[in-house]
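Undergrad: Those sequence lines, one after another, are chains F and D. So for the first sequence, the numbering used here puts the first residue at 1; every next one is plus one. So for the second sequence, the numbering used here puts the first residue at 1; every next one is plus one.
Just so you know, the hints here were simulated from the structure itself, not pulled from any lab data. Any given hint might turn out to be false.
Among chain D residues calculated to face chain F with C-beta under 10 Å, some are [what the hints assert, rightly or not]:
#1 V122
#2 I221
#3 N249
A virtual CB, placed ideally from N, CA and C, is assigned to each residue, including glycine.
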Amino acid sequence: MRTLGAFLAAALMAAVVGCGKGEDAKANAETGEPKKTLSSTEIKIDGSSTVYPILERMSELFNEKFPEARPTVGTSGTGGGFKKFVNGEIDIANASRPIEEEEADKAKANGIEFVEIPIAFDGLSVVINPKNTFAETLTVAELKKIWEPGSTVKNWSDVRPGFPAKPIQLFGAGTDSGTFDYFTKAINGKEKACRPDYQASEDDNTLVQGVAGDEYALGFFGYAYFEKNTDKLKAVKVDPGTGPVGPAPETIANGTYTPLSRPLLLYVNKKALDRPEVMEFLKFILTEGKNSIGDVGYVPLPEEVYSLVMARLEAKKTGTLFQGAEVGVGIDDILKRESGN
Amino acid sequence: MTSILAPSANLKGRKRKAAIFGWICLASVLLAGALLVVLLVSLFKDGLGRIDLKFLTSFPSSMAEKAGIKAGLMGTLWVIGLTALIAVPVGIAAAIFLEEFSRRKNRLTEFIQINIANLAGVPSIVYGLLGLAIFVRTFGMGRSVLAGALTMALLILPMIIIVSQEALRAVPSSYREGSVALGATTWQTIRRQVLPAALPGILTGVILSVSRAIGETAPLIMIGAVTYLNFTPTGLGDTFTVLPIQIFNWSSRPDKAFATNAAAAIVVLMAVLIVINSVAMVIRYRTQRQR
Chain F
1 MRTLGAFLAA
11 ALMAAVVGCG
21 KGEDAKANAE
31 TGEPKKTLSS
41 TEIKIDGSST
51 VYPILERMSE
61 LFNEKFPEAR
71 PTVGTSGTGG
81 GFKKFVNGEI
91 DIANASRPIE
101 EEEADKAKAN
111 GIEFVEIPIA
121 FDGLSVVINP
131 KNTFAETLTV
141 AELKKIWEPG
151 STVKNWSDVR
161 PGFPAKPIQL
171 FGAGTDSGTF
181 DYFTKAINGK
191 EKACRPDYQA
201 SEDDNTLVQG
211 VAGDEYALGF
221 FGYAYFEKNT
231 DKLKAVKVDP
241 GTGPVGPAPE
251 TIANGTYTPL
261 SRPLLLYVNK
271 KALDRPEVME
281 FLKFILTEGK
291 NSIGDVGYVP
301 LPEEVYSLVM
311 ARLEAKKTGT
321 LFQGAEVGVG
331 IDDILKRESG
341 N
Chain D
1 MTSILAPSAN
11 LKGRKRKAAI
21 FGWICLASVL
31 LAGALLVVLL
41 VSLFKDGLGR
51 IDLKFLTSFP
61 SSMAEKAGIK
71 AGLMGTLWVI
81 GLTALIAVPV
91 GIAAAIFLEE
101 FSRRKNRLTE
111 FIQINIANLA
121 GVPSIVYGLL
131 GLAIFVRTFG
141 MGRSVLAGAL
151 TMALLILPMI
161 IIVSQEALRA
171 VPSSYREGSV
181 ALGATTWQTI
191 RRQVLPAALP
201 GILTGVILSV
211 SRAIGETAPL
221 IMIGAVTYLN
231 FTPTGLGDTF
241 TVLPIQIFNW
251 SSRPDKAFAT
261 NAAAAIVVLM
271 AVLIVINSVA
281 MVIRYRTQRQ
291 R
């Protein structure tokens, strides 16, 4: 009976609220561009759940412009997405870390060429409880001491003399995520190398709760989760040896928040680029769509990088620039190095 | 004297033990019930206000207040409907074979029996891997409604078979003997006597297994069910998403407005579950009354 009541209430509300579709149609008419129609063949996208909010936003905006287009976005993780991508099952893989050599080899073996498209920055945020006033800055070496495999750090006092002798509670991304891969590479120097005895979760909100509830906790996750929880968390200023810098849109974009700024990437099957709807979708992301990347908690790349990427896309230039790239190298450096050749 | 008093004192003690046991059982029920009530109250408090026609008829969106569950709701109805259509007849048929046609145990049926019992305990993600390898890749179904439903059917088959077997076993053998004595064939006996008598028990199994399938996320993500899409399935070969995937995605978003959406979607999911199960419940109620 309760559910029946709920439905009745829902029906009543709907009658009051009405529908907002008229506004969308108006917005479309205002752009005044000649009306194109695209194929309704699915644009198959799958991969990182970190990058998902960006792709969801892009697909939604793209659909406002081209209602007939059918982008579909899955969330099977960076690794899961690449597995499907190298089998030719999807058109676009979204990734929170560059493609690995092994994955690229498999793609090659299956005759799949890809174009690599960086779309945004994320600043992996190292966070502590707001009550923690002693560890507001940590050096990369100290972070390594905490997280490296075989780490003997049990108390905060093991990290730096003068810190309280309280047990340190560690929270971090699960081992299947690109976030984990990138963090371990940036801090410990080797992908997936990490002490095993920390609280791991694929759900970043669980990590937020964990750090927010423990005065002596330390955790890491994507900037978006820190940004939405600044009342419950404090970000650690990370010092790579050139002075401590905290995560913020400016420091992530200009590369001073290093080594934990990371590019978020799309990998597109070259064959799929022959389909106008796929090409149109990617161009849309790099032109109109990129302005909305900030809305979902990520940091857009500098303008000139987008134009360099656009040129690569239009030339259908295959291969990876980011695979094996040193962490913390500016994204424009990488692209310019390429365009200089 | 003592010989008369002693047993009565003993009886008192035993009655007290029985009463204590009764209280413990009641406490267990209340604990389970209270947890459910707490869960429901918090869900309804968070989610009910979010449910309106627009929520039910909108596609996923990056803005929490614009997002809806149309794709998930339709996907769930397609997948669960199809799963039940596949798994229920096959499961009941398998149970009938194992109970009625192979009463004398041989190696093969014992082997099958052990396997079914073990399969019932396999984690659901393993079925996802199986579905991905067999249906999606080998049979080339892609990440379609059909592949999803077949994977889910595999997932719930062991449970349906085991519960149906129990139900068939509970039918007194005098039913079968009487029917055969009157000249009915084995098939007639099963169809007209055994199956109707076992139906309430079988339907309980169906309800339990469909309830499990409707909440599964992992195997469907594994076979490639998506999270964002702007259309609903129109056929067996279409891409789809389901409500639990939407709920899982929303509950893990940084923006807390999505948590309200998740609560609302859970309320809808429960409503769908009740509607689907009520079909089985009505049939069960009717068959029980006829007897």
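Undergrad: Hints first: check each against the structure and report whether it holds.
TA: Going through the hints against the structure:
1. With its C-beta approaching chain F no nearer than about 20 Å, D/V122 sits outside the 10 Å limit, and its interface hint is violated.
2. A least Cβ separation of about 6 Å between D/I221 and chain F falls short of the 10 Å threshold, and the interface hint therefore holds.
3. With a cut of 10 Å, the hint placing D/N249 at the interface with chain F holds, because the nearest CB-to-CB distance is about 6 Å.
Hint check: a violation occurs at hint 1 only; the rest are consistent with the structure.
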